[in-house]
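Sequences listed follow chains W and P, in order. Mapping of the first sequence onto the working numbering: position 158 corresponds to residue 158, and the numbering continues sequentially without gaps. Mapping of the second sequence onto the working numbering: position 41 corresponds to residue 41, and the numbering continues sequentially without gaps.
No lab work stands behind these hints, which were simulated from the structure alone. Do not take every clue at face value.
Simulated pairs of lysine to aspartate or glutamate, EDC-like, Cα-Cα distance not exceeding 16 Å [as the list claims (entries may be wrong)]:
#1 W/216 - W/197
#2 P/206 - P/136
#3 P/207 - W/274
#4 W/36 - W/277
#5 P/168 - P/197
#6 P/207 - W/173
#7 W/249 - P/175
#8 P/206 - W/173
#9 W/10 - W/43
#10 W/32 - W/277
#11 P/199 - W/129
#12 W/168 - W/129
#13 W/36 - W/109
#14 P/185 - W/197
#15 W/61 - P/47
#16 P/185 - W/46
#17 P/93 - P/47
#18 P/196 - W/43
#19 P/135 - P/90
#20 W/32 - W/46
#21 P/144 - P/133
#22 P/206 - W/109
#23 P/202 - W/112
#24 P/196 - W/275
#25 P/207 - W/112
#26 W/144 - W/256
#27 P/151 - W/109
#28 W/223 - W/254
#29 P/202 - W/46
#30 P/185 - W/277
#31 P/61 - W/173
#32 W/217 - W/256
#33 P/185 - W/141
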Amino acid sequence: MNLLKEVFMKYGYFPGCSQTGSAKEYDISLRKVIEKLGVSFDEIEDWSCCGATSAHVTNHKLSTALAMRNIMLAEQQGMENIIAPCAACYNRLIMSQFEIANHSGIRKETEELLSASFQKDVKVFNVLELFLNIGIDKIIENRKRELNDLKVACYYGCLLVRPSGLTKFDDAEQPESMEKIAEATGAKTIDWNYKVECCGAAHSIARRDIVVDLSKKILDDAKYHGANVMIVACPMCHTNLDMRQRVMKRTYPEHEDFPVLYITELIGLALGMDEKELGIDLHFIDFNYKDLVPENSGVG
Amino acid sequence: MSVNTLKETNKLLASFVPPASFTDEEQEPLNTSVQLHRHNIADEISERTFQDVSLCYQCGKCSSGCPVRYYMDIAPNKVVRLIQLGFYEEALKSSTPWLCAGCQTCSARCPKEFDLAKFMDAVREIAIEKGIEVKEKNILKFHKAFLDQIKSHGRSYEAGLVAEYKMKTLDLLQDVDSAPGMYLKGKLAILPHNIKDRKGVKSIFKKTSGK
C-alpha cells in the first residue's frame, strides 16, 4: 500500500511557459510546497508551449497538435499522471485529449502531424486536484502555523472548472475545492459572487481596458465580502489581478491595493516558509502576513 | 437536428430571394474574390465544431452571462442567429468573436448544451481563412505575435512577444510602466528559452498553416 502511494505521488510536470517567466513564483512555491508534502515531479523533457489561447482562437489543428505534442512526450517518457499548474495549459491539454478520444478524424490528423500514435492514457491534473490527491490532512499534519488572520477569496477563474463536462473534479458554478484546501491552512474563506467570473484573460495586452474593468469588478466583490487576500491557481489570472492593479489606478483612482497570492504560496506560508522564500516579493502588490496580524495578538 | 437536416434547411433558404440590401448589386463588396453568402458557412461551422448551429434557440442566456458582452458590437446569441439565417458577412465582420475571451461561461450554461465558445473559435478561424478584415486588429496581431514566438522558440518568449506586438501595432508606449518592473523582478527573461526540437514544432506550424 505504501509502495502504491509512493508511485502515485510521483508526477510528470508540465510547467507551461508562464512558469518560466511572469509566473516564476508560482513555479518556485509549487516545487517547495510539494517537496515538503513528500511529492516529487519529473519535468517533461523538451516540453513546448500548449498553444494557449492564441492557437485555439486562430487555428484548431495547430492548437490540438501543439497541446498533444506534450502528451506524446509524457507518454514516451513513461509518465501516467502529469500536473499542469497553469489553468490555461490544463484546459488546452484536457480539451485536446478529449477531441483525440472522441473524433477519429482529429486523432488521425494529429498523429500524422506529430508522426506518433497515442497508446496510453496520460491523466492531466490541475493544482487543485494535486492537493486533493495529496490530501487535505497532509497539509494540516505538516502545518507549522495557522493563518487565522486571513480572510481568503478563492478565485477559480474560467479554465479550471470549465467545460463542466471535462473538469469533473468540481462544480462549474459553485466550486468548493479551493476553499477546502485554503481552510486547511487555518485561514477563513469568504462567500462571494465572482469566483468563476472571467478576468479578461488573454486580452491583457491588446485590450488592457477590458482586463482592467473585469479585474476591478472581481477585486471589488472580494473586498466587499470581507476578504483581505485573494488566492488564484492560474498565471494569467494572477497577471491580470496583481500586475494590472497599477494601471487600474489610472482608470479608477479610488482603487486600493489588494494582495493576490497563488494557492501554493498560501500553503507554503502555513508550512512555515516565509514570503521571500515563496517568491511573494515578486508580486506587484505587496503582501506580508505579519501586517495582517493584529498587534499584541502574539501570533504570526 | 442533424447536420444533414440543416443542409436541407439551408437549401430551402437558398431558394428564397435575399432581401434587397443583401443582393450583389446593393452590397458593398467585402472582398471581391469572396461572395460570402454563396458559401454555406453554417454547415462549415457545424462540421468543424461537431455540433449543429441550428441547435441554438435564442434564449439569450449566453449573452446575459457573457463578461465581455458590454464591449461587443453584436450579442453572442445574435451572431449565432446571423449564421443560422445566412447573414455570414455581418457575423464574420463582427467584433464579437474577437472579443470573446474564451471563458466558456456560455458553453457551461447553455440549456441546449451548444458549445458557443467552440462556435466562436470556428467563426474566427473562417474569418481568417476568408481574409475578412478583422475589427479588433490588435487582438489578432497579439495572437500572431504570440504564435510567432512559439514557432521560433517552441515556448512563449515574453520579451519577444511584447517587442513584436509593439512593432505590429506601433503602440510603443503601452506597458512601458509594467515592463521595467517585470524585468527588475527577474520575470522578463532577456533571452528566449529555446527547446531542442524546434524543427519539430516548426513543422507543425508549416503543415497546419502553410507557413
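Exercise. Are the Cα atoms of residue 202 of chain P and residue 112 of chain W separated by 16 Å or less?
Worked result: With Cα atoms ~15 Å apart, residue 202 of chain P and residue 112 of chain W stay inside 16 Å; holds.
Problem set entry | Satisfaction of hint between residue 277 of chain W and residue 32 of chain W, Cα-Cα up to 16 Å | Distance of about 9 Å is within 16 Å: holds.
Exercise. Is residue 10 of chain W close enough to residue 43 of chain W, meaning Cα to Cα at most 16 Å?
Worked result: With Cα atoms ~11 Å apart, residue 10 of chain W and residue 43 of chain W stay inside 16 Å; holds.
Exercise. Is the straight-line distance between the alpha-carbon of residue 135 of chain P and that of residue 90 of chain P 16 Å or less?
Worked result: Judged against 16 Å, a Cα distance of about 12 Å means the pair holds.
Exercise. CA of residue 202 of chain P to CA of residue 46 of chain W, is that 16 Å or under?
Worked result: Holds, at roughly 14 Å.
For this session: Sort out whether residue 173 of chain W lies within 16 Å of residue 61 of chain P, counting only the CA atoms.
Result: 14 Å, holds
Problem set entry | residue 36 of chain W paired with residue 277 of chain W [C-alpha distance capped at 16 Å] | With a Cα-Cα distance of about 13 Å, the restraint between residue 36 of chain W and residue 277 of chain W holds, given a limit of 16 Å.
Problem set entry | Hint consistency between residue 93 of chain P and residue 47 of chain P [alpha-carbon to alpha-carbon, up to 16 Å] | 21 Å, violated
Problem set entry | Agreement of residue 185 of chain P and residue 141 of chain W with the hint, judged by alpha carbon distance not exceeding 16 Å | It is violated: about 33 Å lies between the C-alpha atoms, which goes past 16 Å.
For this session: For the pair supplied as a hint, residue 206 of chain P and residue 173 of chain W, confirm whether the alpha-carbon distance does not exceed 16 Å.
Result: Violated, because 40 Å separates the two Cα atoms, which is more than 16 Å.
Problem set entry | Holds or violated: residue 144 of chain W to residue 256 of chain W, with C-alpha atoms at most 16 Å apart | With Cα atoms ~31 Å apart, residue 144 of chain W and residue 256 of chain W exceed 16 Å; violated.
Problem set entry | Restraint check for residue 216 of chain W with residue 197 of chain W, where alpha carbons must lie at most 16 Å apart | 12 Å, holds
Violated hints for the displayed structure, listed by number in ascending order: 2, 3, 5, 6, 8, 11, 13, 14, 16, 17, 20, 24, 26, 27 and 33.
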